[in-house]
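108 is the number that UniProt numbering gives to position 108 of the sequence shown; each next residue is one higher, with no gaps.
Hints are computed from structural coordinates only; laboratory data are not their basis.
Please read these numbers as outputs of a predicted model, since none were measured by experiment.
Please note that a few of the clues may not be correct.
[To be verified] Label pairs and their in silico Cβ distance ranges:
| id | residue 1 | residue 2 | range |
| --- | --- | --- | --- |
| 1 | V110 | Q27 | 30 to 38 angstroms |
| 2 | G201 | L23 | 38 to 46 angstroms |
| 3 | I209 | L318 | 37 to 45 angstroms |
| 4 | G201 | Q66 | 43 to 51 angstroms |
| 5 | M241 | R70 | 25 to 33 angstroms |
[Claimed, not checked] Think about it this way: if two alpha-carbon atoms lie no more than 30 angstroms apart in a straight line, the pair counts; the simulated DSS-like pairs of lysine-lysine are:
| id | residue 1 | residue 2 |
| --- | --- | --- |
| 6 | K10 | K42 |
| 7 | K169 | K59 |
| 8 | K311 | K279 |
| 9 | K30 | K10 |
| 10 | K278 | K18 |
| 11 | K63 | K74 |
| 12 | K42 | K63 |
| 13 | K18 | K38 |
| 14 | K18 | K30 |
| 15 | K333 | K278 |
| 16 | K74 | K10 |
| 17 | K10 | K142 |
| 18 | K311 | K274 |
| 19 | K63 | K126 |
| 20 | K240 | K274 |
| 21 | K38 | K10 |
Even for Gly, the Cβ is constructed at its ideal location relative to N, Cα and C.
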Amino acid sequence: MQNERLGPNKFVIPSVLKACGRLFDLQTGKILHSVILKSSFKSDVFVISALIDMYSRCKQVEKARQVFDRMEEKDLVALNVMVLGYAQHGLAKEDVLVEKMQMLDIKPNVVTWNTLISGFAQACDKVMVLKVFELMLMNGVKPDVFSWTSVISGLVQNFQIEAAFDTFKQMLQHGFYPSSATISSLLPACATVANVRLGRGVHGYAVVIGVEEDIYVRSALVDMYAKCGFISEAMVLFYKMPERNTATWNSMIFGYANHGYCNEAIELFNQMEKVERKKLDHLSFTAVLTACSHAGRVELGQSLFLLMQEKYNVVPRLEHYACIVDLLGRAGKLSQAYDMIKTMPVEPDLFVWGALLGACRNHGDVDLAEIAARHLAELEPWNAGNNMLLSNLYADTDCRENVAKFKNLIKRKKMRRFSGCSWIEAAR
Numbered sequence: 001m002q003n004e005r006l007g008p009n010k011f012v013i014p015s016v017l018k019a020c021g022r023l024f025d026l027q028t029g030k031i032l033h034s035v036i037l038k039s040s041f042k043s044d045v046f047v048i049s050a051l052i053d054m055y056s057r058c059k060q061v062e063k064a065r066q067v068f069d070r071m072e073e074k075d076l077v078a079l080n081v082m083v084l085g086y087a088q089h090g091l092a093k094e095d096v097l098v099e100k101m102q103m104l105d106i107k108p109n110v111v112t113w114n115t116l117i118s119g120f121a122q123a124c125d126k127v128m129v130l131k132v133f134e135l136m137l138m139n140g141v142k143p144d145v146f147s148w149t150s151v152i153s154g155l156v157q158n159f160q161i162e163a164a165f166d167t168f169k170q171m172l173q174h175g176f177y178p179s180s181a182t183i184s185s186l187l188p189a190c191a192t193v194a195n196v197r198l199g200r201g202v203h204g205y206a207v208v209i210g211v212e213e214d215i216y217v218r219s220a221l222v223d224m225y226a227k228c229g230f231i232s233e234a235m236v237l238f239y240k241m242p243e244r245n246t247a248t249w250n251s252m253i254f255g256y257a258n259h260g261y262c263n264e265a266i267e268l269f270n271q272m273e274k275v276e277r278k279k280l281d282h283l284s285f286t287a288v289l290t291a292c293s294h295a296g297r298v299e300l301g302q303s304l305f306l307l308m309q310e311k312y313n314v315v316p317r318l319e320h321y322a323c324i325v326d327l328l329g330r331a332g333k334l335s336q337a338y339d340m341i342k343t344m345p346v347e348p349d350l351f352v353w354g355a356l357l358g359a360c361r362n363h364g365d366v367d368l369a370e371i372a373a374r375h376l377a378e379l380e381p382w383n384a385g386n387n388m389l390l391s392n393l394y395a396d397t398d399c400r401e402n403v404a405k406f407k408n409l410i411k412r413k414k415m416r417r418f419s420g421c422s423w424i425e426a427a428r
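Please build the complete structure, drawing on both the sequences and the hints.
Have a look at this one:
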């Protein structure tokens, strides 16, 4: 545009600002801000709202607020963008935020409140999700389907399963008709507690209201059945889908991998690569690497780890490194696993060191186990479970003195060993 001596207009600038926000390109966003200040667009509400959104997405919420405060005329669009910026970054408290909204000449509408609820849901703040919903009612604004769905989604994301279903019941009692988004928000709750009976109830309701064939509902159903261990049901739904998104493929591959169908998981990944090459993401590779680890397919796992980076430009995350460490560890290649940890470009987390410690226990490598346990102790000083693994390894290798030493250490530091529990219902 600049080469053709064409100046930016009020339609181009918001589009570029949106791209800057999505790419977290603050530098280019600031350049555009300076262009706006030198142009006639500085009083255009549409342009300024896009600028506020860019700063919010780039985690410059205070800068976004400065731009908002300097607006000559504020409308609901700008207010909603600013409110979402506060909520997504956990910077809004109900009293301060409502006070700020009431100081404006415009009255927040249902979209404003929905934006707040959605923002706090994304920030996993259960207390604020419920508080904002309550304030919405107190301010005389009637919730819509999106309001109820946002509350349900926020509760599910915070693992408040019972509260999520209670809210769903209230939604029905108030005469609201659930949407496909409501159902696809509720199904993960059933998967979280592996309650297939509850999941089947939601599935049946989805059929009754005619949203079962929606791609997002069907994907959530595949995920729910797979996580609950009902692989055949998940598979039937998966293959009946005329169209599949990345989440659907990933859910089915994870389902196979986590329930012992490792070869099927690898085969499905191969199908995905042929049919949906552009849809492969970091979770697709986490799923197939998990399958390779459980199946003992070391060479395949290593080649896929390289393929992920070289062909698909997926930067390895901690979960990918944990999968490879687990893969090598299960195969007894402990030195290779440790070498990989030492060369990681990011700091290893609990799962990486935990995978190494578990492998050391299985293969009797005391020296590497001590290294892994030491790092885990730094990351989780209160957790006795890691030291118990090492203590058990000492016992297996007849290091009685070290067993006694570790048990005394656990008592002295008052470490906690948590009892196991399960939400999985027994068959009746």
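Against the structure, the hints come out as follows:
| no. | hint | result |
| --- | --- | --- |
| 1 | V110 - Q27: 30 to 38 angstroms | holds (36 angstroms) |
| 2 | G201 - L23: 38 to 46 angstroms | holds (42 angstroms) |
| 3 | I209 - L318: 37 to 45 angstroms | holds (40 angstroms) |
| 4 | G201 - Q66: 43 to 51 angstroms | holds (50 angstroms) |
| 5 | M241 - R70: 25 to 33 angstroms | violated (49 angstroms) |
| 6 | K10 - K42 | holds (10 angstroms) |
| 7 | K169 - K59 | violated (36 angstroms) |
| 8 | K311 - K279 | holds (13 angstroms) |
| 9 | K30 - K10 | holds (16 angstroms) |
| 10 | K278 - K18 | holds (23 angstroms) |
| 11 | K63 - K74 | holds (16 angstroms) |
| 12 | K42 - K63 | holds (15 angstroms) |
| 13 | K18 - K38 | holds (20 angstroms) |
| 14 | K18 - K30 | holds (13 angstroms) |
| 15 | K333 - K278 | violated (33 angstroms) |
| 16 | K74 - K10 | holds (17 angstroms) |
| 17 | K10 - K142 | violated (34 angstroms) |
| 18 | K311 - K274 | holds (14 angstroms) |
| 19 | K63 - K126 | holds (27 angstroms) |
| 20 | K240 - K274 | holds (19 angstroms) |
| 21 | K38 - K10 | holds (13 angstroms) |
Hint compliance for this structure: hints 5, 7, 15, 17 are not met, and every other hint is.
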